[in-house]
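**Student:** Top to bottom, those sequences are chains Z and F.
Its first residue numbered 1, the first sequence is counted upward by one per residue in the working numbering.
Its first residue numbered 1, the second sequence is counted upward by one per residue in the working numbering.
Treat the hints with caution; some may be incorrect.
[Claimed, not checked] Output of the computed footprint for chain F on chain Z, the stretches with three or more beta carbons under 8 Å from beta carbons of chain F: (1) 72-82; (2) 86-98; (3) 101-113; (4) 129-143.
[Stated by the list, open to error] So, partial list: chain F residues that the calculated Cβ filter (under 8 Å) puts toward chain Z: (5) Pro328; (6) Arg406; (7) Gly413; (8) Thr673; (9) Leu674; (10) Lys675; (11) Ala676; (12) Leu677; (13) Met679; (14) Ser680; (15) Arg682; (16) Val767.
[Said to hold, decoys possible] On the chain F side, residues computed to face chain Z include the following (Cβ under 8 Å): (17) Gly356; (18) Thr366; (19) Arg393; (20) Asp670; (21) Gly678; (22) Pro681; (23) Thr764; (24) Val766.
Don't read these hints as lab results, they were simulated from the structure.
We put the beta carbon where it would ideally sit given N, CA and C, even for glycine.
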Amino acid sequence: MDGRTFFRAFRGGGGGKNGMSELVRLTEVTKVYQGGITGALNGVSLLVEKGEFTAIMGPSGSGKSTLLNLVAGLDRPTSGSVAVGGMDLGKLGEAGLARFRRDNIGFVFQFFYLLPNLTSLENVLIPAQLKGSEATARARELLGQLGIQDIADRFPARLSGGQQQRVAIARALINSPTLLLADEPTGALDTHTGDQVMELLGKLNRDGQTILLVTHDAKLATRHAARVISVMDGKIVDDARLESPERAASEVIRVRSEEASR
Amino acid sequence: MRAIFIKALADLRRRRLQATVIFLTVLFAMAAGTTAVTLMSQTRDPYQVAFEKQRGAHLQVAFRPNTDPQLIQGTAATIGASAYGGPYPASNIQFRFGDRKFYVDAVGRDNPGGAVEVLNITSGRWPVANDEIVLTRSFSELNKISVGDRLKVTSVAQTPTLTVVGEVVDIDEGSADLSSQRAWMLPAALPALSTPDSSFYLMDYRFPSDPTGPQLQTSLGLLKTSLPPGSVAGALTYLLIGSIFNITNQILTGVLVAFSVFALAATVAIVATLVTGIVISAYREIGIMRAVGFTPYQVVQVFALQIVMPALAACLVGVTAGTLASQPLLANSSHALGLAYRPTFSIGLDLLLFAGGILVVAVAATVPALRAGMLKPIVAITKASAPRGSGGRMLRHAAARLRLPRPVVLGIGDAFARPLRAALTLITVLLGVATVVVAVGLPRSFELINNSETGAGKYQVVVTRSSAYPDSDVMRVLNAQPETARVVASGGQNVIVPGVGDPVNTRLFRGDSSRLGYMVVAGRWYSAPGEVVAPAALMHDAHLKIGDSFTGTANGQPLQLRLVGETYDINNLGHSLFMDIATMASVTPAVEPFLYDVTLAPGSDVSAYVRRVAAVEPDLLDVRASDTSTIAPVKIIDLVLLILAGVLALIGVGGVFNTVLLNTRERIHDTATLKALGMSPRQVIVMVGASAGLLALVGGLVAMPLGLSLHHVLNDVISNSAGNETPPVAYAVFNAYELVLIPLLGVGVAIAAALIPGRWAARTNVVEVLHAE
Ligand SMILES: Nc1ncnc2c1ncn2[C@@H]1O[C@H](COP(=O)(O)OP(=O)(O)OP(=O)(O)O)[C@@H](O)[C@H]1O
Ligand SMILES: [Mg+2]
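The task is simple: from the sequences and hints, build the whole structure.
**Tutor:** As structure tokens, this is what we get:
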């Protein structure tokens, strides 16, 4: 592992001093679901730099998933704007958003969402094939990197949760996305498997992958992420940029205790 | 029970689209079925009613004019008839009305009543003077002649004029569009209208009970042996006349029954698919229902009721519509039989159909619903939906190898993900496409046969001479016209063929008869004197094969004949012979042609030609443009076929639509995932469209051979019912491109239908779908 990659990435996350490295920009974003009394997001502004590993934490229903979905272009904000890679998502139509996701976003879900009637390899290939490109070699390489090359031809129903999530991660990475989004990727896994998956994400980040992660697990978050954003009632209540993982840990523990005292 | 109703009603409201599919398919199937059954149960009736009411003749025999009337009268006792009419003097006469000429058999009778063949006067009165005549209503209506019109008899030199004084319905002859007609005059009027060639005696026999065909043949044989040889000129049975009356309805009923069964099968397939689909998508709901206290049986009821309720409405409307639709056809046949039309339907039958329809639908719905009832609550409640189908893998791989775009590959896999559902859908497509094939093909076969019977495109003008105007003069007149390209003259003669009861109507041609358009079913057209061709029924009855030689008898003189080919001819239900007039050269008296089929040079003005030739000898020549139009019964059958094809095609589309809708709804979660991964709305639509297209394609491809063989079979059934075999050309009425186009059209329609669920899937909000998990 090349430590310098990690630090370069880390320094890149230092407050947007370099416009070129800005990747995600949320400006005064609110989201009110149909039938929702209060907003799921209430005026959130956020900047994410290229190469950052950002964890989003917060209690259930605080709007974490909503935030991630907006960044992925899966949903549209009620007001405010979302830009990714300099592209204003509000200006894109449905087809444009689909193309945007396909080219720029890798999404990892809590419940994997593998297509049950496709093999692991076929699942990984889908995003590439939707673009019209065949990437079998890259898919096999990714499966190899994630240590699951031998289950390439198995169907999801015959895989363990950890294996399924690795396949999902490979699928998210197949198009070399600029941004990897993960919504509680360990939520459906046991602690040990969860650790392994987080390890994997950390390694990807050290190789330069920008990651936006939603998680409940403070320990897992602080071990790998260099920035932890805390969300509550649809607002960002804390944004901790940590110089070292340990610092991050204490920072998060502070937020958690605040949270607990509410 | 209340809870079940409330739940079923609520579900119904939620599944409006599917309820509509059920309603429409059941409606169409029931309407077609009811029409068929109503026709079937009624058609035999009116003829029998009329036959009894008018004391129809079981057997009618024509005798040569030189037979002793006393002897003829005695035959009634000989053959054990319980009643008889006649012998009536009769003569075949020709008359002119306006610029048209007609033939009828004028029969001399004092009154319309009697023990046999009561004539039902529908307008006017019976003749009281020698210059008065009564026609059949069928003839009057067909030719637009009414009471008061004056007819000029042209078959005798004096050309007397007769006045039409009445119209009758005669149960003992076929309708005017299918058979020659009689007319009635006072017996005293007949001698003046008779020539030695044209006159005969007609005798009606009635037996104590309805005899069978063989019994009638035995009686006829007995009758013949009791008279001097050659006394009998012809015979007609009530069975033949009944079948002429019923042939249209028989064919129609056959077609309707076949396709009603199709429609019902397709409906059952759709219902089963639908209920299976609802059960699959409502797994959790079933669990909850069970948890709140629905018994398994009640769960089944809820699902079955959802289907039965729209089906109930559909059966109600469908049975009513079917009963109404059959009325014009029934009215038509009672009119032909001289019966007063009264709405013919039976409440009992309708109720039976109604109950039958509901029962079939209910069974089709209950069987798959049982699965829901048997589900263990805990299994159902913990799984949101049934295990997803995992079929279609091989198809997907094949499609992937073809390097089709990924959305297409995925759609193709989805189409067969649930093999049973796919199979049921294929059935609906299959039946729809097959029916369309038949509806396209059969009218063309009919047209081909009609063209051959009417010489369409082969000759344009038909000239008939009366015996007062010699053959040589006709030929001189025709050959003098510059437009005349070819004349084929023909005459008729009865030939007795061993093994065939009645003398066989034989057409004798002078000229190139092979160019008149007669179809050759097997063998070849005759090419030399002594060679004959015949339709299937005659060959069958006479036990003749192509190549066989046999000895016929004409005018009591032997005739050496060799059968060289089989032709198609529905006259006399396939009992006729065709040969060169030279074959009869040895027979006396010599047969002279009286009918001339004239082919004009291309581009000639047919009506000018007709007018010019007719003007030469207005009384003695009948000149008319050849009538090539299709007869009404065929038009009705064509129309009914077209409607049925439309109905079954709609049901087929309904089947595909239903399946794609179910597949799409079941897979919406996967589709949402695909959208999250970057599948564009267009790609979603392509995916759904591809699965519909594949179902239609496979169904369509399988349907083509099925449709073609069905077309084949129906052709045979119809040809056989008219005593013929289908000519090979009548099978081959499809172009190669049509065989490709019809399934492709099906694919197109299916894809269009898939746009509705496709667009729904393309528009669904990913977040909402995934959030709902
Ligand atoms: N599709 C939706 N329709 C209506 N309301 C929604 C929808 N999705 C989320 N919400 C509501 O919006 C709020 C934020 O939800 P969100 O899923 O973003 O929370 P979260 O922080 O991801 O929670 P969790 O940790 O439980 O996943 C919640 O109150 C939720 O009920
Ligand atoms: Mg969430």
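**Student:** A separate judgement is required for each hint: does it hold in the structure or not?
**Tutor:** Here is what the structure says about each hint:
Proximity of the segment 72-82 of chain Z to chain F, defined as three or more residues with a beta carbon under 8 Å from a beta carbon of that chain, is established by the 3 residues found. Coverage of a stretch by a chain is defined here by at least three residues with a beta carbon nearer than 8 Å to that chain's beta carbons; for the segment 86-98 of chain Z and chain F the count is 3, and the condition holds. Beta-carbon proximity to chain F at under 8 Å applies to 8 residues in the segment 101-113 of chain Z; the threshold of 3 is reached and the given coverage holds. Only residues whose C-beta sits within less than 8 Å of a C-beta in chain F count toward coverage, and the segment 129-143 of chain Z has 4 of them, enough to reach three; the restraint holds.
Restraint check, Pro328(F) versus chain Z: the minimum CB separation of about 53 Å is more than 8 Å; hint violated. Because the smallest distance between the Cβ of Arg406(F) and any Cβ of chain Z comes to about 4 Å, under 8 Å, the interface hint for this residue holds. For Gly413(F), the interface hint holds, the least distance from its beta-carbon to any beta-carbon of chain Z being 6 Å, beneath 8 Å. Proximity of Thr673(F) to chain Z holds as hinted, the smallest CB-CB distance being about 4 Å (cut-off 8 Å).
A least Cβ separation of about 7 Å between Leu674(F) and chain Z falls short of the 8 Å threshold, and the interface hint therefore holds. For Lys675(F), the interface hint holds, since its Cβ comes within 8 Å of a Cβ in chain Z; the closest pair sits about 7 Å apart. Residue-level restraint check for Ala676(F) holds (minimum Cβ-Cβ distance to chain Z is 6 Å; threshold 8 Å). Using the Cβ-Cβ criterion of 8 Å, the hint placing Leu677(F) at the interface with chain Z is satisfied: the shortest such distance is roughly 5 Å.
The restraint placing Met679(F) at the interface with chain Z holds, with a minimum CB-CB distance near 5 Å, inside the 8 Å limit. Restraint check, Ser680(F) versus chain Z: the minimum CB separation of about 4 Å is within 8 Å; hint holds. With a least beta-carbon distance of about 6 Å to chain Z, the hint placing Arg682(F) at the interface is held under the 8 Å criterion. The closest approach between the C-beta of Val767(F) and any C-beta of chain Z is roughly 4 Å, which is under the 8 Å cut-off, so the hint is satisfied.
Using the Cβ-Cβ criterion of 8 Å, the hint placing Gly356(F) at the interface with chain Z is not satisfied: the shortest such distance is roughly 40 Å. The interface hint given for Thr366(F) is broken, as the beta carbon of that residue sits about 30 Å from the closest beta carbon of chain Z, more than 8 Å. A hinted interface residue such as Arg393(F) counts as satisfied when its beta carbon comes closer than 8 Å to some beta carbon of chain Z; here the least separation is about 7 Å, so the hint holds. Of the supplied interface hints, the one on Asp670(F) holds, with its beta-carbon coming within about 5 Å of a beta-carbon of chain Z, less than 8 Å.
The closest approach between the C-beta of Gly678(F) and any C-beta of chain Z is roughly 3 Å, which is under the 8 Å cut-off, so the hint is satisfied. Of the supplied interface hints, the one on Pro681(F) holds, with its beta-carbon coming within about 5 Å of a beta-carbon of chain Z, less than 8 Å. Interface restraint check for Thr764(F): the shortest CB-CB distance to chain Z comes to about 11 Å, outside 8 Å, so the restraint is violated. At about 5 Å, the closest approach between the beta carbon of Val766(F) and any beta carbon in chain Z falls short of 8 Å, and the interface hint on this residue holds.
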